[in-house]
Amino acid sequence: MILTTQSLRKEVSSGEINLVILDDINFSLEEGKSLAITGPSGSGKSTLLGLLAGLDTSTSGDVYLDGVNLNNLNEEERAILRKDKVGFVFQSFELLPSLTALENVMLPSELKSEDDPKQLGEYFLERVGLIDRKNHYPNQLSGGEQQRVAIARAFACSAKILFADEPTGNLDPKNGKLISDLLFEVNSESDNALVIVTHDQELAELCDKKIELKLGKIVD
Amino acid sequence: MRSGYLTSMLLSLVLAVTIVSGISLFTDRLEKVLSSETKEFLGGDLKFESNEQNIKESLEELILKNSQTSEMAIFASVIFSDQEMQLSSIKAVDNSYPLIGELELQDSSGTYKTRNNPSPGTLWMDERLKNLLSLDYGDKIYLGDATFIFAATIVYEPDRGSSNFAFAPKTIMNLKDLDKTNIIQPGSRVEYNYLFTGSDEEINLIRDTLEKNKNQGDDIESLDEDSSSLGKTIERSENFFLLGGLIAVLLSACTIGISSQRFARRHISYVAILKTLGMNILQIRGLYLLLFFYTTLLTLVLGLSLGWILQSNFINLMDSYFPSELPPPSPYPLYITCLTVLICQFGFIYPHISKLLAISPMRVLKNDIGFNQNILPVFLMGLLAFLLLLYLYTGLINLSLIIFSGVVLFSVIGIGLIYLLLGNSKLGLGAKDSLNLAISELRRRKLSNSFQIFAFTVAIGLSLITFSASQNLLGSWQNSIPEDSPNNFAINITKEDKEAMKVFLSKENIDTNIFYPVANGQIIRKYDRENIIDRNFNITWISRLPEQNEIIEGEWFLNDIQNGLSISDEISERYNLQLNDEVIVQMEDGSIETYIQSIRAVNWESFSPNFFIIGHPSLFEDKSSTHITSFYIPKAKQKIAAELMREFRTVSVFSVEELIKQVRDIVDQVTKALNSILLLTCLSALFLAFAALQDGFDQRRHQAAILRTLGATSKFVKTSSLIEFSILGFLSGILGSVTAHTAVYFLETQVFETVPGFYPEIWIMGPILGMFIVSGLCLYLVNGLMKQSPKDLLNLQT
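Protein sequence lines correspond, in order, to chains A and B.
Mapping of the first sequence onto numbering that gives the first Met the number 0: position 60 corresponds to residue 59, and the numbering continues sequentially without gaps.
Mapping of the second sequence onto numbering that gives the first Met the number 0: position 351 corresponds to residue 350, and the numbering continues sequentially without gaps.
Check the hints yourself; a few may be wrong.
[Unchecked claim] For lysine-lysine, the following DSSO-like pairs were computed, each having C-alpha atoms within a straight-line distance of at most 27 angstroms:
| no. | chain 1 | residue 1 | chain 2 | residue 2 |
| --- | --- | --- | --- | --- |
| 1 | B | Lys139 | B | Lys55 |
| 2 | B | Lys112 | B | Lys139 |
| 3 | B | Lys497 | A | Lys111 |
| 4 | A | Lys32 | A | Lys209 |
| 5 | B | Lys431 | A | Lys111 |
| 6 | A | Lys32 | A | Lys213 |
| 7 | B | Lys274 | B | Lys55 |
| 8 | A | Lys159 | B | Lys636 |
| 9 | B | Lys179 | B | Lys211 |
| 10 | A | Lys133 | B | Lys445 |
| 11 | A | Lys117 | B | Lys425 |
| 12 | A | Lys176 | A | Lys159 |
| 13 | B | Lys431 | B | Lys717 |
| 14 | B | Lys497 | B | Lys622 |
| 15 | A | Lys133 | B | Lys425 |
| 16 | A | Lys111 | B | Lys425 |
| 17 | B | Lys431 | A | Lys133 |
| 18 | B | Lys525 | A | Lys117 |
| 19 | A | Lys117 | B | Lys717 |
| 20 | A | Lys111 | B | Lys622 |
| 21 | B | Lys671 | B | Lys506 |
| 22 | A | Lys173 | A | Lys117 |
| 23 | B | Lys497 | B | Lys211 |
| 24 | B | Lys786 | A | Lys111 |
| 25 | B | Lys714 | A | Lys117 |
| 26 | B | Lys175 | B | Lys139 |
| 27 | B | Lys445 | A | Lys111 |
| 28 | B | Lys425 | B | Lys139 |
| 29 | B | Lys213 | A | Lys117 |
| 30 | B | Lys31 | B | Lys55 |
| 31 | A | Lys176 | A | Lys208 |
| 32 | B | Lys55 | A | Lys159 |
| 33 | B | Lys501 | B | Lys714 |
[As the list claims (entries may be wrong)] If you only want the chain A side, here are some residues facing chain B, beta carbon under 7 angstroms, derived:
| no. | residue |
| --- | --- |
| 34 | Glu75 |
| 35 | Arg81 |
| 36 | Glu93 |
| 37 | Ser97 |
[Stated by the list, open to error] Covered stretches of chain A, going by a simulated chain B footprint (3 or more residues, C-beta under 8 angstroms):
| no. | stretch |
| --- | --- |
| 38 | 83 to 90 |
| 39 | 105 to 112 |
Because the hints were derived from the structure by calculation, they are not lab data.
Beta carbons are placed, not taken as given, at the ideal position from N, Cα and C, and that holds for glycine.
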């Protein structure tokens with residue numbers, strides 16, 4: 000299993016009240032498979048994604064990523080795990096505005112001190128069809144193009160698992176379709192597992208597995 | 000309106016108001032008390048000194064309604080009691096005496112104050128003379144052909160600076176009694192002093208008349224010519240306070256500018272939403288103006304209150320120096336404070352608000368719509384405000400323009416140099432390791448880094464200027480009065496007495512300094528006799544350059560050439576005497592033809608004999624002279640002065656112990672006030688550095704979150720930021736040192752009028768302080784970032 004959760008719970012305190020965001024989340028995902036997490040706004044989807052990817056810590060319960068219990072790691076160790084095994088695609092793209100498309104894609108390889116980040120960056124930009132825009136800055140690209148750069152960056156990580164938070168949420172249906180197709184197409188060429196948080200039922204249907212959250216609990 | 004960086008803007012404004020009001024209130028009150036003190040020291044608004052009595056006629060032609068005159072004759076004469084005799088400086092005063100202030104006297108009934116002159120037939124004397132003549136109140140004293148009654152001891156006289164004979168123990172008598180003494184005969188050395196008080200107009204009228212009618216050797220003195228050690232000390236510290244104030248305000252203004260920019264950036268969406276909801280620009284402008292009206296009121300109330308506390312502390316520090324309660328301040332400090340706030344509001348805040356108001360409501364739909372990229376109007380408004388502040392504080396348009404052009408030129412060159420120095424960035428972020436990332440970031444953010452370095456440079460440079468100005472000021476004061484500086488001067492020492500006196504003093508274990516020969520003489524230009532140098536000089540001749548004198552032009556006396564005169568730079572400037580000018584020195588026993596061999600800078604604040612004119616001994620070999628020397632008498636041996644005067648009847652010894660103590664005290668107190676100003680300036684600098692850093696961190700927050708999400712450890716991000724900001728701080732420190740050294744040179748030569756020095760501490764402190772402060776502040780901000788999880792930083796929704 001690439002990903003397993005056991006009795007995962009997340010609470011946040013708001014003044015004197017403790018809000019339960021996630022409760023008793025149990026599921027697992029095999030290597031190379033895809034999972035869709037769906038649910039209405041505020042149901043805890045992105046919080047769950049944050050916990051699964053080691054961006055945040057749970058109140059109780061465990062997350063095993065590639066056999067490693069994230070709860071046993073501190074922030075620095077989780078960062079190293081993310082560098083080695085995790086890739087991300089965000090709803091709002093989260094590209095660095097001061098870097099060109101190519102430089103954004105090169106970033107994970109640079110962090111891993113790989114030999115030729117440029118070659119790898121160009122390969123993935125080619126793969127998402129944006130090689131001719133490699134020297135453009137994010138503000139010179141459309142939303143769809145920015146998300147394609149983000150996908151190229153996510154795959155340039157050589158990750159074992161890729162997390163996508165509403166990857167088509169900020170795009171029109173046509174561009175959304177393009178991006179989801181691209182995501183699955185590039186993913187099929189690797190052994191990556193894919194976890195997608197989405198409202199888009201069509202996109203969810205493309206995944207091998209689907210869980211639905213409602214008020215912080217799995218309903219399906 | 001609760002959100003958005005209003006706090007740092009308000010803090011800077013409050014700090015600026017506190018400093019401006021505190022310093023202006025203090026200097027305003029200080030100036031008032033100094034002016035009345037100086038007035039009292041001089042004895043009036045204007046003083047005319049002459050060896051003749053003939054000026055009276057020309058003054059009688061003037062119709063004066065609002066002024067008063069007092070006449071006095073001052074001379075030296077031997078005075079006798081039944082047992083002793085003593086040379087005294089005698090001041091014969093008319094019924095208008097004293098024109099300003101009060102005398103404090105002591106008789107058998109105790110001490111009392113009076114505004115009268117001595118009654119005819121009576122004399123007042125100082126304590127020293129009373130002791131030397133072994134007098135009791137009511138005893139008879141003999142002066143010339145007249146007999147007087149010793150009526151009182153002088154404890155305090157207001158016009159202490161009134162006489163050139165002030166070195167000898169003092170006697171005050173009624174002018175009406177002068178004739179019956181028969182002391183003043185044709186050719187007697189008498190100085191007639193005429194003191195005037197009155198309205199500015201009439202004083203100017205009197206001055207003009209005196210200027211027209213004055214003879215050679217006559218002198219006019221007014222309030223603005225106080226060159227005493229104390230006057231200079233206070234004047235320089237006042238300059239320093241104003242400089243410190245100006246620097247602190249400029250630093251605060253920069254902080255306000257940066258905070259306003261952040262405030263406006265933060266409010267973009269807010270204004271866009273208000274516009275979308277149908278508010279027009281006028282209404283939104285009204286809303287912000289109201290906000291700024293309230294913040295102005297708040298900062299004024301808070302800042303003025305804190306400023307009042309600040310000046311009260313300064314006043315308390317110097318309390319013991321001032322003879323009476325300080326006068327209340329004039330409305331000027333309030334006016335200058337309000338004007339400063341207005342200039343800051345309209346120069347540094349309003350342009351950003353103006354840009355904010357121009358934001359398109361489309362921002363609601365398109366997140367990437369930001370400010371209009373044209374920053375020229377904001378810059379121009381800021382520069383104009385900067386110039387206005389300079390003018391407001393210096394009051395001199397030329398000086399303001401010089402400083403302004405200097406700063407602008409330096410900024411352009413500085414920012415350009417930093418831009419070039421940082422070099423071009425390579426492909427990629429360079430996130431391989433911390434050092435690579437730091438260097439790549441420095442290059443990548445070249446423009447914003449240049450501005451940031453500039454802000455740090457301003458903060459470090461201005462703090463260093465304040466620091467070195469205070470050190471320089473303190474250093475020059477301390478040098479001028481070392482612990483064992485001479486506290487007694489002896490004059491009128493004849494050639495015969497000179498050696499005997501040396502023996503006398505060495506028996507008492509008192510070290511003597513040089514015995515300077517002194518003679519009175521006039522300087523006449525050899526080829527331009529029309530252009531008269533209208534005064535007499537005390538001339539000395541020695542072969543060694545006295546301490547605290549520095550040759551600024553020409554050469555000091557050499558062995559193998561025909562030597563001439565060395566004159567002070569003041570005399571050179573005042574009478575347009577240049578190097579190698581040929582002159583004639585006219586003395587009682589003949590004249591000498593010679594030339595100006597060198598021009599000296601003299602430290603007049605030192606408590607040593609100083610001379611405008613020094614000649615080479617070979618020129619004056621056959622000239623008659625008396626001698627002057629100075630020496631230190633320890634407190635326990637103070638009686639030696641009186642013994643010395645008894646032993647050597649023609650010699651006069653006068654003590655400057657009180658004056659030294661007064662100067663030392665005031666220096667101590669001023670030091671404390673200087674340190675407070677330094678502290679406030681550094682605080683303003685720290686605010687500026689923090690604001691500049693915080694501004695840059697807004698952009699870095701997002702980057703740090705992405706890097707950490709992609710697997711960079713906190714340590715990696717932290718180390719890279721620390722390296723980057725240490726380099727930024729180091730560069731800023733070097734530039735700050737360059738700025739400070741240039742500015743200190745300018746200040747020393749143009750404002751404080753001291754000899755410029757080299758300060759290695761500026762070069763050491765600048766880079767070190769820059770590196771540690773900037774990286775320390777950076778560490779504080781980075782730690783804040785690292786406490787948040789990448790998820791929070793990326794604002795992921797639930």
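Status of the hints after comparison with the structure:
Between Lys139 (chain B) and Lys55 (chain B) the alpha-carbon distance is near 34 angstroms, which puts this suggested pair outside the 27 angstroms criterion. Distance restraint check for Lys112 (chain B) and Lys139 (chain B): the Cα-Cα separation of roughly 23 angstroms lies within the 27 angstroms cut-off, and the hinted pair is therefore satisfied. For the proposed pair Lys497 (chain B) and Lys111 (chain A), the alpha carbon gap of about 90 angstroms is over 27 angstroms, so the pair is violated. Between Lys32 (chain A) and Lys209 (chain A) the alpha-carbon distance is near 11 angstroms, which keeps this suggested pair within the 27 angstroms criterion.
Taking the CA atoms of Lys431 (chain B) and Lys111 (chain A), the gap is near 7 angstroms; set against the 27 angstroms cutoff, the hint holds. Simply put, Lys32 (chain A) and Lys213 (chain A) have alpha-carbon atoms about 23 angstroms apart, close enough for the 27 angstroms limit, and the pair holds. Between Lys274 (chain B) and Lys55 (chain B), the direct Cα distance comes to roughly 80 angstroms. Violation of the 27 angstroms bound is thereby established for this hinted pair. Simply put, Lys159 (chain A) and Lys636 (chain B) have alpha-carbon atoms about 94 angstroms apart, too far for the 27 angstroms limit, and the pair is violated.
In summary, the hint linking Lys179 (chain B) to Lys211 (chain B) is not supported, as the alpha carbons are separated by about 33 angstroms, beyond the 27 angstroms threshold. Among the hinted pairs, Lys133 (chain A) with Lys445 (chain B) is consistent with the structure: their alpha-carbon atoms are about 22 angstroms apart, no more than 27 angstroms. For the hint pairing Lys117 (chain A) with Lys425 (chain B), the CA-to-CA distance comes to about 12 angstroms; that is within 27 angstroms, so the pair holds. Restraint check: the Cα-Cα separation between Lys176 (chain A) and Lys159 (chain A) comes to about 24 angstroms, which is no more than 27 angstroms; the hinted pair holds.
Distance check on the hinted pair: Lys431 (chain B) and Lys717 (chain B) sit about 14 angstroms apart at the alpha-carbon level, within 27 angstroms; holds. This hinted pair checks out: Lys497 (chain B) and Lys622 (chain B) have alpha carbons roughly 16 angstroms apart, not beyond 27 angstroms. Between Lys133 (chain A) and Lys425 (chain B) the alpha-carbon distance is near 15 angstroms, which keeps this suggested pair within the 27 angstroms criterion. Our distance criterion of 27 angstroms between C-alpha atoms is met by Lys111 (chain A) and Lys425 (chain B), whose separation comes to about 18 angstroms.
Distance restraint check for Lys431 (chain B) and Lys133 (chain A): the Cα-Cα separation of roughly 21 angstroms lies within the 27 angstroms cut-off, and the hinted pair is therefore satisfied. For the proposed pair Lys525 (chain B) and Lys117 (chain A), the alpha carbon gap of about 86 angstroms is over 27 angstroms, so the pair is violated. Distance hint between Lys117 (chain A) and Lys717 (chain B) is fulfilled; the C-alpha atoms sit about 26 angstroms from each other, no more than 27 angstroms. A threshold of 27 angstroms between alpha carbons decides the hint, and for Lys111 (chain A) with Lys622 (chain B) the separation of about 93 angstroms lies outside it, so the pair is violated.
Restraint check: the Cα-Cα separation between Lys671 (chain B) and Lys506 (chain B) comes to about 41 angstroms, which exceeds 27 angstroms; the hinted pair is violated. The straight-line distance between the Cα atoms of Lys173 (chain A) and Lys117 (chain A) is roughly 30 angstroms, outside the 27 angstroms bound, and the hint therefore fails. The suggested pairing of Lys497 (chain B) with Lys211 (chain B) is violated, with an alpha-carbon distance near 43 angstroms, which exceeds 27 angstroms. Using a Cα cut-off of 27 angstroms, the hinted pair Lys786 (chain B) and Lys111 (chain A) holds, with the two alpha carbons roughly 24 angstroms apart.
The suggested pairing of Lys714 (chain B) with Lys117 (chain A) holds, with an alpha-carbon distance near 25 angstroms, which does not exceed 27 angstroms. Restraint check for Lys175 (chain B) and Lys139 (chain B): the C-alpha separation of about 18 angstroms stays at or below 27 angstroms, so the hint holds. Simply put, Lys445 (chain B) and Lys111 (chain A) have alpha-carbon atoms about 26 angstroms apart, close enough for the 27 angstroms limit, and the pair holds. Between Lys425 (chain B) and Lys139 (chain B) the CA atoms are separated by roughly 100 angstroms; this puts the pair beyond 27 angstroms, and the hint is violated.
About 90 angstroms separates the Cα atoms of Lys213 (chain B) and Lys117 (chain A), which puts this hinted pair outside 27 angstroms; it is violated. For a cut-off of 27 angstroms, the pair hint linking Lys31 (chain B) to Lys55 (chain B) is broken: about 32 angstroms separates their Cα positions. Annotation: proposed proximity of Lys176 (chain A) to Lys208 (chain A) holds, straight-line Cα distance about 19 angstroms (limit 27 angstroms). A hinted pair counts as satisfied when its Cα atoms are at most 27 angstroms apart, and Lys55 (chain B) with Lys159 (chain A) does not qualify at roughly 109 angstroms.
Taken as a hint, the Lys501 (chain B) and Lys714 (chain B) pair is broken in the structure, with Cα atoms around 76 angstroms apart against an allowance of 27 angstroms. The closest approach between the C-beta of Glu75 (chain A) and any C-beta of chain B is roughly 5 angstroms, which is under the 7 angstroms cut-off, so the hint is satisfied. Because the beta carbon of Arg81 (chain A) sits about 4 angstroms from the nearest beta carbon in chain B, less than 7 angstroms, this interface hint is met. With its C-beta approaching chain B no nearer than about 6 angstroms, Glu93 (chain A) sits inside the 7 angstroms limit, and its interface hint holds.
Below 7 angstroms, beta-carbon pairs count as interface contacts, and Ser97 (chain A) has one with chain B at about 6 angstroms; its hint therefore holds. Only residues whose beta carbon comes within less than 8 angstroms of a beta carbon in chain B count, and the stretch 83 to 90 of chain A has 4; three or more means the coverage holds. As drawn, the stretch 105 to 112 of chain A meets chain B at 7 residues by the rule of a beta-carbon pair under 8 angstroms; at three or more, the given contact holds.
Taken one by one, the earlier hints fail for this structure at numbers 1, 3, 7, 8, 9, 18, 20, 21, 22, 23, 28, 29, 30, 32 and 33, listed in ascending order.
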